[in-house]
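A.B. asks: First to last, the protein sequences are chains A and B. Just so we're aligned, residue 1 is where the first sequence starts under our numbering, counting upward by one. Just so we're aligned, residue 1 is where the second sequence starts under our numbering, counting upward by one.
Derived by calculation from the structure, the hints in this document are not laboratory data. Accuracy of the hints is not assured; some may be wrong.
Counterexamples of contact, computed for chain A against chain B with all Cβ distances above 10 Å [said to hold, decoys possible]: (1) M1; (2) S2; (3) I3; (4) Y4; (5) F8; (6) K31; (7) V34; (8) K37; (9) W39; (10) D62; (11) H66; (12) L69; (13) K138; (14) T152.
Stretches of chain B that chain A covers, calculated by requiring three or more beta carbons in the stretch to come under 8 Å of a beta carbon on chain A [claimed, not checked]: (15) 31-40; (16) 61-72.
Yeah, the Cβ is synthetic: ideal placement off N, Cα and C, and Gly gets one too.
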Amino acid sequence: MSIYTDIFLTFAKIGSFTLGGGYAMVQMMEKEVVEKKQWLSHEEFMDTLVVAQSTPGLFAIDMASHIGLKLKGVRGGIVGALATALPSIVAILLIAMFFQTFKDNVYVEKVFMGVRPCVVALILAPCFGMAKKAKLTKFNWWIPIVAAVLITAFGVSPIWCILIAGVGGFVWGRLKN
Amino acid sequence: MIFLELFYVFSKIGIFNFGGGYAMLSLIQDEVVNKHGWMTVNEFTDIVAVSQSTPGPIGINCATYTGYTAVIHAGYPTWAAVLGAVLASLSVIWLPFILMISISRYLIKHHDSKTVTSIFGTLRPTIIGLIAAAALMLMSKENFGDPKQESFVFVVSVVLFMFAFVGTRLFKVHPIIMILLCGLAGLVIY
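This is chain A alone, in the form it adopts within the complex (with noise of 0.2 Å):
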């Protein structure tokens, strides 16, 4: 199988797979391409996580055209953020075209109340295995926890709590040294 095969598949498989957007599929992500392809390592796979974050655009397409361009240049990132994007293209003009009928089953709708509170968990857990791979220490765990509760409680944007770390870890490096 060629590289580019191998992206297009591993990328649309994880594209297929992602209920409720892209935090849903970090896990999922990294158990394709850190633990079954090892394309990246753990803390590269974080590195990717934060340029994602941290730039415009859908978190999910970020990661896999980072991690296609990663492996093949250009051309790879291609092959990656089309492949995460197709299965959802498909899917959503499969259910405009057929919409009433899918939203009215009763049995459909049973399913995904059982999803649901599943997806939340898929979230969160990835988290606590992070905490050693971002190398927290008695110095910074408060981190992530100042971060969350600046989100959550007072509604602050990820954007400037990713930009404010960016410019304390700069500044922080320069008195360093």
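With chain A held as given, fit chain B onto it using these hints.
C.D. replies: Showing chain B alone in chain A's frame:
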């Protein structure tokens, strides 16, 4: 020309979208419902509901659905609407893609520089907070049921949540299997 307008509007939505799909919804609503009148508020709400329960990034889902609906409403046949849907979806992607590729290239090249290392040293812990915040904000009545009015749904949801959390965290169950299991549980229980 509906196709040019779709391209322009969704390119704009793509480049001004920071912070993922949910942040994008208000922007899409403003453009698609208020400014262009491509669909009613009710239709838009339906799209959000569909996007949340179908695979893929919410931004793409919205763009696909809006592209299709807007072209149909403008009086074109189905094949043109399919084109409109694909066009709107790709419009969301292309500008951020170019930006992302440029930044990625720089980072891959300068990965070991001191400045990059110290910036990522604080960004990595922050990202964990961001993801936790996304999960916390999704623990809502819409996703778990109202504890008072639908206590049965709420209890089942909490159990499924813990089952999924422990399953993926401790027993390393694949997320796809977990989603399928919880979907099946919903079908059987409700």
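A.B. asks: Now, for every hint given, state plainly whether the structure supports it.
C.D. replies: Structure-based check of all given hints:
1. M1: Since the minimum Cβ distance to chain B is about 20 Å, A:M1 lies beyond 10 Å and the statement holds.
2. S2: Check passes; 21 Å lies beyond 10 Å.
3. I3: A:I3 is indeed farther than 10 Å from all Cβ atoms of chain B, at 17 Å.
4. Y4: holds (16 Å)
5. F8: holds (15 Å)
6. K31: violated (7 Å)
7. V34: holds (13 Å)
8. K37: Consistent with the label, A:K37 stays out of reach of chain B, its closest Cβ about 14 Å off (over 10 Å).
9. W39: holds (13 Å)
10. D62: violated (5 Å)
11. H66: violated (5 Å)
12. L69: violated (5 Å)
13. K138: A:K138 is indeed farther than 10 Å from all Cβ atoms of chain B, at 12 Å.
14. T152: violated (5 Å)
15. 31-40: violated (count 0)
16. 61-72: Since 5 is at least three, the answer is holds.
The structure is inconsistent with the numbered hints 6, 10, 11, 12, 14, 15, although it conforms to all the rest.
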